[in-house]
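Note that the numbering used here has the sequence shown beginning at 1, numbered continuously upward.
Incorrect hints may have been included.
Computed Cβ-Cβ distance ranges for the label pairs, DEER-style [said to hold, decoys possible]:
#1 56 with 4: 18 to 24 Å
#2 7 with 36: 18 to 24 Å
#3 55 with 2: 29 to 35 Å
#4 39 with 12: 33 to 39 Å
#5 11 with 56: 34 to 40 Å
#6 38 with 10: 30 to 36 Å
#7 29 with 56: 32 to 38 Å
Note that these hints are calculated values from the structure, not bench results.
C-beta atoms are modelled at their ideal positions from N, C-alpha and C, and glycine is treated no differently.
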Amino acid sequence: MPREIITIQAGQCGNSIGSEFWQQLCLEHGINQDGNLEDFAKEDGDRKDVFFYRKPENR
């Protein structure tokens, strides 16, 4: 059974918290602002696939 995670950001406070959430998530998983993996980010042992999908061109 497929599972999905839905994030909802409502209002100014919700958008501010949501923006910080996504920035922190990218920082923790080694994803830069261009959507590319940083050199230190490893392929193994990290569950980036929970929130992110990797396209064939690695973005």
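Structure-based check of all given hints:
1. Here the CB-CB span from residue 56 to residue 4 is close to 22 Å, well matched to the stated 18 to 24 Å.
2. Distance hint check for residue 7 and residue 36: the Cβ-Cβ separation is about 22 Å, which falls inside the suggested range of 18 to 24 Å.
3. Checking the proposed 29 to 35 Å range against residue 55 and residue 2 shows it is violated: the Cβ atoms sit about 19 Å from each other.
4. Remark: the range hint 33 to 39 Å for residue 39 to residue 12 is upheld by a beta-carbon distance near 36 Å.
5. Checked against the hint of 34 to 40 Å, the C-beta distance between residue 11 and residue 56 comes to roughly 37 Å, which is consistent with it.
6. Take residue 38 and residue 10: their Cβ atoms lie about 31 Å apart, and the range 30 to 36 Å holds.
7. Checked against the hint of 32 to 38 Å, the C-beta distance between residue 29 and residue 56 comes to roughly 19 Å, which is inconsistent with it.
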